[in-house]
Each structure stands twice: as C-alpha cells, then as structure tokens.
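Protein chains: 2
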Amino acid sequence: MIIVLRLNHRIFRDKRITSHVALTARAFLADKLYYSGEKDSNFEQSISKVCKQFGSKFEVEHCKDPVRFVKENKDKFTIVHLTCYGLNAQNQVNKLKNRNLIIIVGGEKVEPIYYKLAEYNLAVTKQPISEVSALAILLHLLNNGKELDNEFKDAKLKILESENSKKVVKG
Amino acid sequence: MIIVLRLNHRIFRDKRITSHVALTARAFLADKLYYSGEKDSNFEQSISKVCKQFGSKFEVEHCKDPVRFVKENKDKFTIVHLTCYGLNAQNQVNKLKNRNLIIIVGGEKVEPIYYKLAEYNLAVTKQPISEVSALAILLHLLNNGKELDNEFKDAKLKILESENSKKVVKG
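Line order of the protein sequences matches chains S and Z. The number in the numbering used here is simply the position in the first sequence, starting from 1, with 17 added. The number in the numbering used here is simply the position in the second sequence, starting from 1, with 17 added.
It should be emphasised that the hints constitute simulated quantities derived from the structure, not laboratory data. A quick note: this is a predicted structure, and the numbers were derived from the prediction, not measured. Cβ coordinates follow ideal geometry from the N, Cα and C atoms, glycine included. Hints may contain errors.
To be verified - To spell it out: a stretch of chain Z is covered by chain S in this simulated footprint if at least three of its residues, at any positions, have a beta carbon under 8 angstroms from a beta carbon of chain S; those stretches are:
#1 22 to 35
#2 40 to 46
#3 105 to 117
#4 135 to 145
#5 153 to 165
What the hints assert, rightly or not - Here are the simulated DSS-like cross-link-like pairs (lysine-lysine), alpha carbons at most 27 angstroms apart as the crow flies:
#6 S:32 <-> Z:66
#7 Z:187 <-> S:112
#8 S:126 <-> Z:187
#9 S:126 <-> Z:66
Unchecked claim - Partial list, derived from the structure: chain S residues whose beta carbon lies under 8 angstroms from chain Z:
#10 44
#11 54
#12 58
#13 102
#14 133
#15 149
For reference, chain S alone in the conformation it holds in the complex (with noise of 0.2 angstroms):
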C-alpha cells in the first residue's frame, strides 16, 4: 500500500499544485493521499470527480494532524519523505519495492521533524524542482514504470491511443 502525505496546503495559493500532486499520485498507482493544512472541498471534490470517470480505488482524505498520523503509522509503514537535499532516490529504491509507504510530500515549507520522521529522505535529482515531479520519478521507479501500461478496470470512459485527435470511449 502506498500513501502519499501532501503537507500544509493553503486553499488560495496551492489549489493547482495540489490537484497535481494528488492526479499524479492516482495515475502512478499510489492507493491514497492525505492532505495536512486546510481541508479544501472543492479539491476533494475535483479528485473524486476524475475516480469515479477514470476508474481506480484512489482516496483523499484531509489530515488534521500529520506529524501524529506519521508517528502513528510508523510500525506498519515505511516513511519516506521527498526533498532534495536527501540521499539519490534512484540508489535506495530498490529497499522500498512491495514496502508499504507514506511519501511525505511538501509544501512551500516543511517542519523540520519530518527529517527526523522518516526512514528515508530521497532526493530527485540534488536540484530545487517540483514536488509533482519528485513525486512522478520516485513512483515511476518504484512501479518498474508499470502505471505506464495501466488501465483502470472500473473506468467508465477509457482515453484511446491517438496520432492526433481526441479519443475518449465508455469502459
């Protein structure tokens, strides 16, 4: 089971980015995203809108108190926290396949006992990026880059391979 922990979202100035981090966590086959900071309706809405169309189990869940929920759940998951000034991802990945995890996602800032919290901090490339993209290449390994050739089953529309058109059929 892979849970991505989103930290401290602010409804005005993360919305996008979060909406992000939450449709790549679902298509790179992570089972289930909290999200810390303000409980946003709209975004859980937004996610719930494209399950239900697009198919998978995936869930959002507000998170009131992150820094318990990881202490929490410490016995049962491997915690891994994303930023770039942890070890190369690529390096460490391979201790982490058919683990359970909390990836530990952040936002503009992150407290500092989320590096004390986590088993791993991994870094995507040493260089500032994104955490949608930290997020994206850390999955896609732990995948074997299988999310590339996944369907979901219970979708109710299907986007069809393309040369250059628009094809969108029911499931």
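Given the coordinates of chain S, work out where chain Z should sit on it, guided by the hints.
Here is chain Z on its own, set in the frame of chain S:
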C-alpha cells in the same frame, strides 16, 4: 537540443505551475523554455536566479506567437506534444533520442492546431495527470535517467546528499 514550449501562461492562475514546469525542464536537462501567454518578468527572474545559484545554461524566454514559432522550427526540430490523448510515450521514445526536440506542454486549454503541428502527440499514462509530471517522465525516458546523477559544473551552490539534514556547499 531540447526546447520546452509551455503554452498559454497566465500570471495569476499558472504562476506556480509554470515555475514547476521550468524547474523540472532545467533539472531534467532541457536547454531552454519558451512560454506563450502573458509575459511574466517575476517568473523569468526567479528561474534565472536558480540557474545562477545552482548552475546550468538553461534559459527562459517569452514567445509571442507560438504557432509561428513551431512552424518556423519544424525543419530543424522534431515537434512533440504532451497530451493524455496521444500515443504511449514509452513506445515512441527511442525514436526521439539524440534528436533536436521541441516539447509542447499545454496549459488549461490547448488549441487543436498543436495536435496537427506535432509530429508526435505523446501520452504519459492515458490518465489526466499534470504537465509537470508528464514532462518529468518524458525527459527521464529520453535521458535514460542520467539527470538523476547529473551535477551542473557551473553551480555556485551544491546540495549534498544527507540522511536527515540540509547540506549545501559552495561549488
């Protein structure tokens, strides 16, 4: 040479997403980002500052007429357009390695002409995701992952690997 063309930037709505596209393009070894839509000096300066501090010759430039830009460069560059409606990127990527590419990355809406102008409409998963993660995965596949071990030689600041703290040194 790899150019990313980000369409229809809107200062108010897209500020952070376009920044994430640019930072991802830079860290994943694209050479330049052109963006159309509203010219945004703050965005340009913030990316320029990252390049000065952390290295790379990556550049950002506003593009007034992206259709004309693509048409004028079709002879020298292979035009790729990232869209979930396209062909599976993982099956096409070997044809694109070591070519000069313009990778078109949409904003909220993409005019139909880009589907026709592109030699390759490519999908990273057949799901609604994010232009940020789609770009990261396409560049990762094109690079054979070499961006993960890359260091920019002209960096003034370098982030070091660390298990649980932040280490930055002068380059």
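Hints and how they fare:
1. With a cut-off of 8 angstroms between beta carbons, the segment 22 to 35 of chain Z has 4 residues touching chain S; three or more are needed, and the interface restraint holds.
2. Coverage of a stretch by a chain is defined here by at least three residues with a beta carbon nearer than 8 angstroms to that chain's beta carbons; for the segment 40 to 46 of chain Z and chain S the count is 5, and the condition holds.
3. Three residues within the 8 angstroms Cβ limit are the bar, and the segment 105 to 117 of chain Z against chain S gives 3, so the coverage statement holds.
4. Three residues within the 8 angstroms Cβ limit are the bar, and the segment 135 to 145 of chain Z against chain S gives 8, so the coverage statement holds.
5. Judged by the Cβ-Cβ criterion of 8 angstroms, the segment 153 to 165 of chain Z is covered by chain S as claimed, because 6 of its residues qualify and three suffice.
6. The hinted pair formed by residue 32 (chain S) and residue 66 (chain Z) meets the criterion: a straight-line CA distance of about 25 angstroms does not exceed 27 angstroms.
7. For the given pair, residue 187 (chain Z) sits about 32 angstroms from residue 112 (chain S) by alpha-carbon distance, which is inconsistent with the 27 angstroms threshold.
8. Proposed proximity of residue 126 (chain S) and residue 187 (chain Z) is supported: the alpha carbons are some 23 angstroms apart, at most 27 angstroms.
9. At roughly 19 angstroms between alpha-carbon atoms, residue 126 (chain S) and residue 66 (chain Z) fall within 27 angstroms of each other, so this suggested pair holds.
10. Look at residue 44 (chain S): its Cβ gets to within about 4 angstroms of chain Z, closer than 8 angstroms, so that hint holds up.
11. With a cut of 8 angstroms, the hint placing residue 54 (chain S) at the interface with chain Z is violated, because the nearest CB-to-CB distance is about 15 angstroms.
12. Interface restraint check: residue 58 (chain S) against chain Z, minimum CB-CB distance 20 angstroms, threshold 8 angstroms, status violated.
13. Interface hint at residue 102 (chain S): satisfied, since its Cβ lies 4 angstroms from the closest Cβ of chain Z, which is below the 8 angstroms cut-off.
14. Because the beta carbon of residue 133 (chain S) sits about 6 angstroms from the nearest beta carbon in chain Z, less than 8 angstroms, this interface hint is met.
15. Satisfaction of the interface hint for residue 149 (chain S) is found here, the shortest Cβ-Cβ separation to chain Z being roughly 4 angstroms, below the 8 angstroms cut-off.
Hint check: violations occur at hints 7, 11, 12; the rest are consistent with the structure.
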